[in-house]
Amino acid sequence: MHLPSYQILETADDSSQYKFVSIGPKGEIPKAVVFRLLYPEENIYNVALVDFLKDGTESDTNVSNNGDMREILATVTQVLTAYSEVFPDRKIFFTGSDEEGKRMAVYHRAIREYYSVLQKIFLIEGYINENVKEPFNPANNYQAFLVKRK
Amino acid sequence: MKVAKSDIEIKEAFSKLFPHAIINNDLKKLQDSPVVLKKAEQAKKFLRNFNYK
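Those protein sequence lines, which keep their order, are chains A and B. Taking the numbering used here, the leading residue of the first sequence gets 1020, the next gets one more, and so forth. Taking the numbering used here, the leading residue of the second sequence gets 1147, the next gets one more, and so forth.
To be clear, the hints were calculated from the coordinates, so they are not data collected in a lab. Virtual Cβ for every residue (Gly too), placed ideally from N, Cα, C. One or more hints might be untrue.
As the list claims (entries may be wrong) - Cβ-Cβ distance ranges computed for the label pairs, FRET-style:
1. T1100/A / K1174/B: 19 to 25 Å
2. P1044/A / K1175/B: 27 to 33 Å
3. N1084/A / E1158/B: 36 to 42 Å
4. K1190/B / P1157/A: 26 to 32 Å
With these hints in hand, go ahead and build the complete structure from the sequences.
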């Protein structure tokens, strides 16, 4: 994929945090992609997209409306691709942060749109619910995803 | 595909992947920030029936 994305400006030496800045009508909004280990034996990591708010706190539910969703998703995909290249055995879990499921709908739409490219890089599984998962099927809806480098 | 095995190899790999990124170890605090811990707990709650270890 050759989509416009933001440059990663900062990382930490444990390779688990990646900071960039969203730029749009609402100004500059620093964000970070953060990986955290969930299950050591399964090598499953959670990934979160975090906004740095002006009050000094962080949020994963902030709706910035900065008009750059595609660039942000492309940046997160770039990080996932790089991270999984260095750590090909790690499985990465992610889901949306809002109860309404709007973010999952965005993630699902993006994966479906670029599935032909993504499936060459990742094994993608979708969680239909808290009991059932399956290989990603563009026709189905999911509550969460697990990706691993092929 | 390169499989990194040592800390040095990992750092070298990331420096090639993100050549403009500076190292800021203050970002490590995010690992234990309330929002990241909450996300991890939500994930574990969602995945509890899969009995991952």
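Hint numbers not upheld by this structure, sorted from lowest to highest: The structure breaks none of the hints.
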